[in-house]
Amino acid sequence: MSRELAKASRVRISELTASTELYLGVHIAAPGLTFDISCFGLDADERLSDDRYFVFFNQPASPEQSIRLLGAQEGDSEAFAVVLPAVPDAVHKLALTATIDGDGQMSQVAAGHVRIVAGGTEVGRYSFTGAEFSTERAVMLADVYRRGGEWRFAAVGQGFDGGLRALLENFGGEVLDEEQPAPEAALAPVPQQAAAPRPVAAPAAPPVQQPYPDATLPAVPVPPAVPAQQPYPDATLLAVPVPPAAPAPGAAPAGVRISLTKYTELPESPGWVKQNDHLVRISLTKGQDILALQGSMVAYQGKADFAHEGSGMLRKLVGNLTGQQLKLMRITGEGQVFLADEACDLHVVRLEGDSFCVGSDRVLAFEAGLEHEVRRIEGEGLPHGGFFTLQFSGHGTVVVKTNGIPVVLPVTPAPETYVDVQALVAWSRGSQVITTAPVRIRRSAYAGHAAESYSLQFRGAPGNFVVVQPFEV
Amino acid sequence: MEAQFLAGSGLDAYRAADTGARMSNHGTAMCRVALTAGADVYAKAGAMVAYDGFLQYEPVPQSFRRALGEWASGERSPLLQWTGDGALYLADMGADVLNLQLADESLSVNGSHLLAMDATLGCTVEKVRGAALLAGTGLYNVTVSGTGWVSVTSRGVPVVLDCAEAETYVDPDALVAWTTGLEVRTRRTVKVGSLIGRGSGEAMQLGFRGSGFVVVQPSEDTADRFKIRG
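Read top to bottom, the protein sequences are chains B and S.
Its first residue numbered 1, the first sequence is counted upward by one per residue in the numbering used here.
Its first residue numbered 1, the second sequence is counted upward by one per residue in the numbering used here.
Be a bit skeptical, because a hint or two may be false.
Rough simulated footprint, nothing fancy, chain S against chain B, three-plus residues with beta-carbon under 8 Å [what the hints assert, rightly or not]:
no., segment
1, 260-267
2, 273-279
Pair ranges (Cβ atoms, derived) [unchecked claim]:
no., chain 1, residue 1, chain 2, residue 2, range
3, S, 21, B, 429, 48 to 54 Å
4, S, 185, B, 288, 24 to 30 Å
5, S, 16, B, 14, 38 to 44 Å
6, B, 342, S, 186, 20 to 26 Å
7, B, 374, S, 21, 50 to 56 Å
Everything labelled a hint here was simulated from the structure, so no lab data went into it.
In this text, all values refer to a predicted model and were calculated from it rather than measured experimentally.
In this text, a Cβ means the ideal position worked out from N, Cα and C, and glycines have one as well.
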């Protein structure tokens, strides 16, 4: 199952695994050299704007534990556990780096790899050797980064001349003199170092105090002075979050604007963005039309135009079957359009040469440039004798709507997957849909079950999937 | 006994909690109002799902009904006045609840989206006129002003759009609330083609311009759900 990733290759993590909890293992075999392997959580400008997301030996976890250093593991000299959904939005890229501790150069490396493990199985591996490097003392191994709402993995393998400090400066941006990275690095260990010795110091203090009376009196005030000094760094650290917290519960009313902060519009960005679970924002550009469900626009800014779309290819859909209509409109112009439908959960799917089918009533919008084709799935016993799907292929974006959080089931050749036709959302094109009679297994499944329910059977090569929503229309 | 039962069950996480705020969210769809004597609250009729403590409700007083004007002229008052000491839980068919604190500000709320408001807030109601009436919105706009809390509902997670950066056009069916002082106008995007039954489904929008913002819900359904239930 493990996929070999060549240097400079990029891959969507969703292609490797459906899991979002990743184990990133780094192994570097270099006799006589020791490496510091660290993970930089960089913002959109590739800067380390928040040094709490510099995860390294002195700071083994990010504040919300989404990135954790695991230490040496079997087969890996260093490993990280990354929980992608928990990574804050401000962090756009996790850059894995290795720097030589002490003397040496990267060409001395015999072999190494970065591997992605999900759910106990290795799903991707990027291998490298020292021959790819020369006198560099650091290497940017790999990136896990956001692109259009998805996480991707890039095998970088780029050597870097300086050591860890130069890397920090490279990512730090404002760090100009060499002293600043040092406090950054020095600040980070403070909480742990302070945290670790303090519990030790506290139990140690009473036994120490007991012998003191036997000794000299001046020694007595010293022990309280020591613990008093220890809380101070803690207190100053705490003092930082306090001022912003203090005005919030204060007596002065916050104001509507502040009450609504969490719903503010996302910063401007091109393309298709998920504003929240129920809203998609599309930044329109000239010449790239959007086809969307009629009436799905809730708001827009700028110059947008909405026109009826009645092209020939959809005539079949707008045809004689009731309840099967897909009425589309064409959105053109410039500006930003917000689309939503009945507070359904929306999912932005980016196709890059892939192909998949979506139930015609589950499509919210898609790029007009995307190849789309209307298909009809027919089967005895299906409501209305069949239903329509849209098959998308090519390069572009589709927005799929579901009622509730859907499940993506793998489709395999041997045990078939059965899906209630009314809960079906989408499937990859490689999945074969079978509508033969024997699969009609849910007819009158329970007493008083008036409406017929019909299950579809899916079969396909591994790697195919079917998306099911927790709602039967 | 009950505590033991709860501690082991998955319901433990949903215990009622006092947040200290006048209005706060319990989950996304429930509003908790902390009531104290002398600080009454007006809540949408039928929105109460539970209450705790010594609470009483009655139709809004006659003087206030006059302010509500036509809105309250029907056989039932759209708002109830809650008095007493305790906690009041409000919800509207699972819609998301937004609790907003006004600081000497005023906010226009689509009538069917108003869940609760402090009785100390000023309130004026106007019937929606003109083209927006055709859009089938809640028919009444409630303008709430002063200093205090107001709770509004939104079907789905809303978005707040700043009208200062660009004129913002909103589907009237998706409009939840907006700050007063914005210049509002209607914009028609009806084309000749749509007169022969080929509309884009987006016939009319409300345009907002000025310094302020609008709250937009991700659904085009503003039907007052309590009206259905009667």
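Quick rundown of the hints versus the structure:
With 4 residues carrying a beta carbon less than 8 Å from a beta carbon of chain S, the segment 260-267 of chain B meets the three-residue requirement, and the given coverage holds. For the segment 273-279 of chain B, the stated coverage by chain S is satisfied: 5 residues place a CB nearer than 8 Å to a CB of that chain, which reaches the threshold of 3. Separation of residue 21 of chain S from residue 429 of chain B is about 51 Å and conforms to the stated range, judged on CB atoms against 48 to 54 Å. Taken as a hint, the range 24 to 30 Å holds for the pair residue 185 of chain S and residue 288 of chain B, whose Cβ atoms sit roughly 29 Å apart.
Residue 16 of chain S and residue 14 of chain B have their C-beta atoms about 39 Å apart, which keeps the hinted 38 to 44 Å range intact. The beta-carbon spacing between residue 342 of chain B and residue 186 of chain S, approximately 24 Å, falls within the hinted interval of 20 to 26 Å. Between residue 374 of chain B and residue 21 of chain S the Cβ separation comes to about 52 Å, which falls inside the hinted range of 50 to 56 Å.
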